[in-house]
Amino acid sequence: MWQGRVKISVNEEVAPGYFRMVLNAPQVAEDAEAGQFIHIRVNDEYDPLLRRPLSIHRIISRRLKVKSLKLPDIEVLYEVVGKGTKILAGKRPGEDLDILGPLGNGFKLGCVSGTVILIAGGMGVAPLLALAEEIRREEKVKDTYVIIGARTKALVLCEDAFRDLAAKEVQVATDDGSRGYKGLATDLLQELFSTLNLKLSTTVYACGPEGMLREVAALTVAKGVPCRMSLENRMGCGVGACLGCVVRVKSLQSGVESYKRVCKDGPVFEAGEIIWE
Amino acid sequence: MWQGRVKISVNEEVAPGYFRMVLNAPQVAEDAEAGQFIHIRVNDEYDPLLRRPLSIHRIISRRLKVKSLKLPDIEVLYEVVGKGTKILAGKRPGEDLDILGPLGNGFKLGCVSGTVILIAGGMGVAPLLALAEEIRREEKVKDTYVIIGARTKALVLCEDAFRDLAAKEVQVATDDGSRGYKGLATDLLQELFSTLNLKLSTTVYACGPEGMLREVAALTVAKGVPCRMSLENRMGCGVGACLGCVVRVKSLQSGVESYKRVCKDGPVFEAGEIIWE
Amino acid sequence: MKSEPNISVDIAGIKMRCPVMVASGTFGYGEEYADLLDLSRLGALVAKGITLNPRQGNPPPRIVETPAGMLNAIGWENVGLQVFLEEKLPFLKRFNTPLIVNVCGKKEEEYVQIAERLDDREGVAGLELNISCPNVRSGGLSFGREAGATQKLVAGVRRVTKLPLIVKLSPNVTDIVSIGRAAQDAGADGLSLINTLVGIAVDIKTKRPKLTNITGGLSGPAIKPVALRSVWEVAGKVDLPIIGMGGIMTGEDAVEFLLAGATAVAVGTANFVNPHAALDVAEGIREYLEENKIQDVNSLREYGKKW
Amino acid sequence: MKSEPNISVDIAGIKMRCPVMVASGTFGYGEEYADLLDLSRLGALVAKGITLNPRQGNPPPRIVETPAGMLNAIGWENVGLQVFLEEKLPFLKRFNTPLIVNVCGKKEEEYVQIAERLDDREGVAGLELNISCPNVRSGGLSFGREAGATQKLVAGVRRVTKLPLIVKLSPNVTDIVSIGRAAQDAGADGLSLINTLVGIAVDIKTKRPKLTNITGGLSGPAIKPVALRSVWEVAGKVDLPIIGMGGIMTGEDAVEFLLAGATAVAVGTANFVNPHAALDVAEGIREYLEENKIQDVNSLREYGKKW
Ligand SMILES: Cc1cc2nc3c(=O)[nH]c(=O)nc-3n(C[C@H](O)[C@H](O)[C@H](O)COP(=O)(O)OP(=O)(O)OC[C@H]3O[C@@H](n4cnc5c(N)ncnc54)[C@H](O)[C@@H]3O)c2cc1C
Ligand SMILES: Cc1cc2nc3c(=O)[nH]c(=O)nc-3n(C[C@H](O)[C@H](O)[C@H](O)COP(=O)(O)OP(=O)(O)OC[C@H]3O[C@@H](n4cnc5c(N)ncnc54)[C@H](O)[C@@H]3O)c2cc1C
Ligand SMILES: Cc1cc2nc3c(=O)[nH]c(=O)nc-3n(C[C@H](O)[C@H](O)[C@H](O)COP(=O)(O)O)c2cc1C
Ligand SMILES: Cc1cc2nc3c(=O)[nH]c(=O)nc-3n(C[C@H](O)[C@H](O)[C@H](O)COP(=O)(O)O)c2cc1C
Ligand code: FES
Ligand code: FES
Chain E
10 MWQGRVKISV NEEVAPGYFR MVLNAPQVAE DAEAGQFIHI RVNDEYDPLL RRPLSIHRII
70 SRRLKVKSLK LPDIEVLYEV VGKGTKILAG KRPGEDLDIL GPLGNGFKLG CVSGTVILIA
130 GGMGVAPLLA LAEEIRREEK VKDTYVIIGA RTKALVLCED AFRDLAAKEV QVATDDGSRG
190 YKGLATDLLQ ELFSTLNLKL STTVYACGPE GMLREVAALT VAKGVPCRMS LENRMGCGVG
250 ACLGCVVRVK SLQSGVESYK RVCKDGPVFE AGEIIWE
Chain Y
10 MWQGRVKISV NEEVAPGYFR MVLNAPQVAE DAEAGQFIHI RVNDEYDPLL RRPLSIHRII
70 SRRLKVKSLK LPDIEVLYEV VGKGTKILAG KRPGEDLDIL GPLGNGFKLG CVSGTVILIA
130 GGMGVAPLLA LAEEIRREEK VKDTYVIIGA RTKALVLCED AFRDLAAKEV QVATDDGSRG
190 YKGLATDLLQ ELFSTLNLKL STTVYACGPE GMLREVAALT VAKGVPCRMS LENRMGCGVG
250 ACLGCVVRVK SLQSGVESYK RVCKDGPVFE AGEIIWE
Chain A
20 MKSEPNISVD IAGIKMRCPV MVASGTFGYG EEYADLLDLS RLGALVAKGI TLNPRQGNPP
80 PRIVETPAGM LNAIGWENVG LQVFLEEKLP FLKRFNTPLI VNVCGKKEEE YVQIAERLDD
140 REGVAGLELN ISCPNVRSGG LSFGREAGAT QKLVAGVRRV TKLPLIVKLS PNVTDIVSIG
200 RAAQDAGADG LSLINTLVGI AVDIKTKRPK LTNITGGLSG PAIKPVALRS VWEVAGKVDL
260 PIIGMGGIMT GEDAVEFLLA GATAVAVGTA NFVNPHAALD VAEGIREYLE ENKIQDVNSL
320 REYGKKW
Chain W
20 MKSEPNISVD IAGIKMRCPV MVASGTFGYG EEYADLLDLS RLGALVAKGI TLNPRQGNPP
80 PRIVETPAGM LNAIGWENVG LQVFLEEKLP FLKRFNTPLI VNVCGKKEEE YVQIAERLDD
140 REGVAGLELN ISCPNVRSGG LSFGREAGAT QKLVAGVRRV TKLPLIVKLS PNVTDIVSIG
200 RAAQDAGADG LSLINTLVGI AVDIKTKRPK LTNITGGLSG PAIKPVALRS VWEVAGKVDL
260 PIIGMGGIMT GEDAVEFLLA GATAVAVGTA NFVNPHAALD VAEGIREYLE ENKIQDVNSL
320 REYGKKW
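Protein chains in written order, with our numbering: chain E, 10 to 286; chain Y, 10 to 286; chain A, 20 to 326; chain W, 20 to 326.
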């Protein structure tokens with residue numbers, strides 16, 4: 010966990026209202042895992058007051074001029090939804106940004122093997138691309154399927170990037186049918202489930218809007234397929250101290266209900282443990 | 010009085026910590042007089058909350074491409090002293106700024122004639138340059154003297170601009186003696202007074218830090234020389250509604266004491282009417 | 020939606036074309052803003068607080084900016100009742116906008132005298148009793164911080180006026196509901212809330228308060244959560260129409276107050292930041308109603324009762 | 020200046036190397052921040068409020084951002100006294116930093132029992148009675164909003180503990196001085212102020228409060244003026260050392276509190292924005308003293324008395 014000011018080297022609009030930003034932050038990148046996030050202070054004033062959490066989208070190598078050294082950088086992908094992200098979008102390369110991270114528990118691949126399915130809704134691609142990069146290094150994973158859902162064609166993000174990461178198949182669903190399947194990403198998941206032998210090791214990783222995650226949780230729990238999903242919640246501290254970001258969970262072992270902190274115990278949780286309100 | 014968003018066409022550092030900004034604001038420039046100010050909202054968030062007042066420094070002509078039309082623009086000169094001016098300094102040409110103006114009562118040259126002395130301390134040059142431009146158009150003014158005081162050489166602003174405006178003499182005083190006279194601008198004023206025939210029509214216009222203005226007021230009142238000076242005060246509305254920016258005055262006619270609003274009744278006042286706390 | 024939503028409201032018998040007024044002390048007597056916006060489009064205009072005799076107010080500095088807010092200690096500078104009637108009222112009468120006169124005083128007597136003289140005045144639509152001004156102290160707390168004193172004062176004024184009587188509450192109390200109830204019991208027709216919170220800012224260079232008066236009243240977005248809570252608490256317990264205020268900058272902010280239980284809102288500090296704020300807020304409310312297919316702004320205040 | 024200025028202070032017998040502590044509920048039990056800053060450089064650490072039995076707290080959403088502030092309605096989620104003693108205290112004892120335990124309860128009985136069990140505990144430097152938490156209601160107002168209830172509660176706890184007893188005051192009252200006096204009369208050794216202001220934020224899309232608990236406690240820079248005013252009022256009238264808090268983000272903010280009459284300060288919401296805030300604030304105070312050639316931080320609190 011590190012906190013300090015880092016330099017922005019890229020901040021560009023990649024789709025209408027969606028930006029990618031590269032931060033020269035080797036202190037954070039070195040320890041970062043897929044599913045973790047950084048907590049960003051968007052300005053020096055007190056409005057907005059709190060930091061904004063953004064998932065680690067990619068860790069990319071930057072070659073330094075001197076001594077052909079390489080340093081890892083952090084890339085984030087964000088949508089402009091309110092004042093904090095609007096201020097971020099106005100930053101220029103060369104400016105500084107105060108970040109804190111890496112925070113949270115990532116996807117924790119552990120001893121994953123066999124078939125892996127990544128399902129992303131909208132901005133949900135952000136942490137899943139980092140995960141896809143990690144999965145590529147997992148020798149026991151045979152096939153990786155990627156399902157991307159978006160409102161419309163222009164907002165389908167990272168499709169090529171996932172393909173480049175040697176996913177077996179990248180499927181796209183859009184609400185308006187302007188690209189790929191017309192309908193929900195979860196329809197595609199259901200269909201995929203019907204073509205796979207779920208008795209063989211299969212794991213699902215999901216990130217996206219709450220409605221989608223709820224449905225993914227229902228589907229995977231019903232089929233007994235292990236599924237880990239990344240949640241979002243309003244955050245205060247981001248480090249587990251304020252208890253502001255909790256989600257209601259039921260222990261898979263004991264059945265005991267309690268609150269867990271999205272920032273520290275998550276943001277990645279087992280689909281089965283989440284109690285949806 | 011006009012309020013709206015205007016485009017920034019220039020925003021550059023002219024001396025360490027001092028910036029000049031040009032705003033494409035013909036709606037304001039057309040009505041503006043020397044000594045008036047504009048009230049600027051530096052960002053869309055609520056910190057800082059209030060607008061920041063800056064004097065009209067120059068009204069400059071911009072030639073439009075089409076039809077060889079000309080539009081007047083507003084130039085302001087500002088020092089970075091806190092969070093509002095820091096945010097201003099970070100603006101890029103092409104960005105918008107929400108301004109309100111022109112506000113206040115300017116220097117009101119009226120039927121000035123004979124000798125005119127402008128005395129500026131630090132940022133005080135800002136409104137006095139606009140005044141010098143107006144004075145140039147006054148045929149009855151014979152000689153214009155300019156005295157500029159600053160902490161050090163690098164912070165002596167607009168010296169050449171005043172010279173170009175055909176001032177008879179531009180004198181400079183710096184606290185550290187790095188340029189011109191070593192000492193206070195008011196020392197130079199005192200000296201100048203001793204060389205002039207104050208029986209002939211002489212008027213002083215002043216703007217600068219409170220300490221300087223107090224001294225200028227004392228000198229001019231003692232000699233019976235008419236003097237108008239521009240005051241600064243914390244402002245709320247800028248239009249005379251909140252009564253937040255008042256200064257204590259004593260009517261030159263009736264001797265009655267009351268508060269006057271710097272934003273609306275001023276910012277320019279008769280030196281003799283101000284009651285210094 | 021077929022028809023435009025209704026945004027007119029009635030506060031204590033005062034009919035307003037839109038639910039947005041300008042808050043007392045932040046809009047002078049209207050003159051200063053007349054160049055910048057059409058006063059006849061406001062829901063109502065609440066004049067700067069007046070006292071029986073002219074008052075010079077506190078020595079400067081009188082205002083200081085704070086994070087997302089400001090402190091003021093104007094100290095009731097005003098022209099006094101007589102000059103108000105002679106010089107300010109004629110101007111304000113020109114606009115077809117209800118004028119609510121904000122009344123201040125040190126003693127009950129003062130309030131009563133002002134109310135008496137305003138009672139039959141053409142052009143005065145209602146009175147707002149400022150019993151909560153934190154910047155003038157007359158031995159201890161101001162009237163509005165104690166239920167008994169509130170009830171007595173309001174009853175005294177009620178006796179001499181038939182005008183709609185709005186009482187403006189202070190948030191600097193343990194139990195704002197009890198003060199609101201006291202006003203209701205004494206015959207008030209409506210409540211305005213909130214006035215400013217008492218605060219201080221310190222100048223660490225001079226080691227003294229930034230305001231000459233030491234304390235000032237905190238207003239602006241910083242206090243919006245406290246204002247919303249106050250409105251919601253009172254709306255649930257007191258059966259009077261409420262004018263909600265405190266940090267309203269946008270139509271969205273205003274809708275929050277209306278949902279919490281206010282019938283109308285007032286825009287204060289926002290006028291300084293955006294001279295067009297009151298009309299922008301009104302337009303924002305209208306847009307909200309349209310987007311949410313709500314026919315009448317008066318239906319919003321029912322929501323808070325169900326929370 | 021020849022020598023370093025003194026920045027150590029003594030609050031109710033608790034010796035602190037610098038006048039900056041972290042505020043209860045904003046720093047957990049220290050564990051989460053231990054990676055980011057050296058806990059042994061803090062003046063003191065105030066633990067998250069504990070209750071006799073574990074509490075799960077309120078359903079989310081529990082926090083919402085407001086202009087220059089935030090509302091929280093955590094609702095006392097905590098591990099309970101037993102687990103605190105077994106699992107949290109051992110970690111905190113490792114640092115050479117006074118630990119102040121923030122105590123919460125619904126009934127006097129609860130406070131008393133917790134105080135009894137903490138009295139002889141190694142590693143506990145003092146108690147802070149949170150009698151002002153706005154997020155738990157037990158029939159009407161919380162203890163800290165009424166002088167009589169405050170006095171009774173503090174006296175009850177005083178009877179069972181020899182530990183330095185700090186009482187944390189609520190700003191949601193008409194007269195904070197009377198509550199401070201009641202605490203003093205009942206034997207408190209120090210006062211913490213302020214706790215959060217009660218507020219609401221409304222979601223205009225759902226037409227419901229943003230917090231499930233409806234109301235929450237407002238903290239952050241937005242409330243700093245109210246906090247400074249409270250500290251100044253109480254410091255002038257009550258003869259107990261004060262821990263000032265509410266919106267402190269920088270060393271300059273802290274100096275404002277010290278000038279207003281506080282002996283020490285606590286940093287709360289700022290920890291979320293800048294995890295290093297408490298140490299940065301301490302450093303800022305030291306720099307201020309040096310620049311102003313002030314030898315001892317303890318001399319600052321005399322200024323407010325002269326305003
Ligand atoms: C662990 C984590 C990882 C995230 N990763 C990404 C990412 O990689 N890319 C990305 O674009 N976004 C991500 N988000 C969401 C992102 O943090 C919010 O969109 C951002 O904070 C909004 O800030 P704002 O000031 O622009 O919007 P605001 O003005 O604060 O809010 C605008 C609207 O968005 C809603 N909103 C804002 N933040 C949240 C939130 N955290 N949860 C639910 N609703 C919210 C508000 O209620 C409001 O309606 C992540 C969130 C979390 C918790
Ligand atoms: C009519 C008028 C015309 C002005 N013209 C110019 C100009 O042409 N160029 C220019 O550089 N400045 C001018 N000023 C001053 C300018 O408005 C302030 O410097 C600016 O508002 C500071 O904003 P900030 O947010 O950067 O500083 P803040 O963070 O608000 O304050 C920084 C420091 O400056 C002090 N300060 C800020 N504003 C004022 C003020 N208005 N009066 C006294 N002290 C203040 C504060 O107390 C604080 O110590 C003018 C002021 C007035 C009233
Ligand atoms: C500069 C200023 C002067 C004020 N004067 C008065 C007044 O004379 N009478 C009154 O009842 N309220 C007065 N108020 C309080 C406002 O009417 C309003 O209740 C308060 O500012 C909260 O609203 P806001 O946050 O929108 O400003 C004043 C507020 C400000 C900022
Ligand atoms: C998330 C959060 C949790 C809090 N929990 C407690 C608590 O358990 N006990 C307590 O006495 N105060 C609690 N407080 C209040 C703070 O200790 C402090 O008094 C208040 O936040 C004002 O300081 P600040 O503006 O610096 O945050 C909490 C505040 C926040 C923001
Ligand atoms: S954001 Fe503070 S505990 Fe998660
Ligand atoms: S700033 Fe409002 S009256 Fe001058």
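Since the hints were derived computationally from the structure, they do not count as laboratory data. Careful, some of the hints might be misleading.
Think about it this way: if two alpha-carbon atoms lie no more than 35 Å apart in a straight line, the pair counts; the simulated DSBU-like pairs of lysine-lysine are [what the hints assert, rightly or not]: (1) A/171 <-> Y/273; (2) W/171 <-> E/117; (3) Y/100 <-> E/16; (4) Y/259 <-> W/324; (5) E/95 <-> W/325; (6) W/312 <-> W/171; (7) A/125 <-> E/100; (8) W/224 <-> A/171; (9) A/325 <-> W/256; (10) W/324 <-> E/259; (11) Y/269 <-> A/325; (12) E/92 <-> Y/100; (13) W/224 <-> E/269; (14) W/224 <-> Y/92.
Numbers of the earlier hints that this structure fails to satisfy, in rising order:
1, 2, 5, 6, 7, 8, 9, 10 and 11
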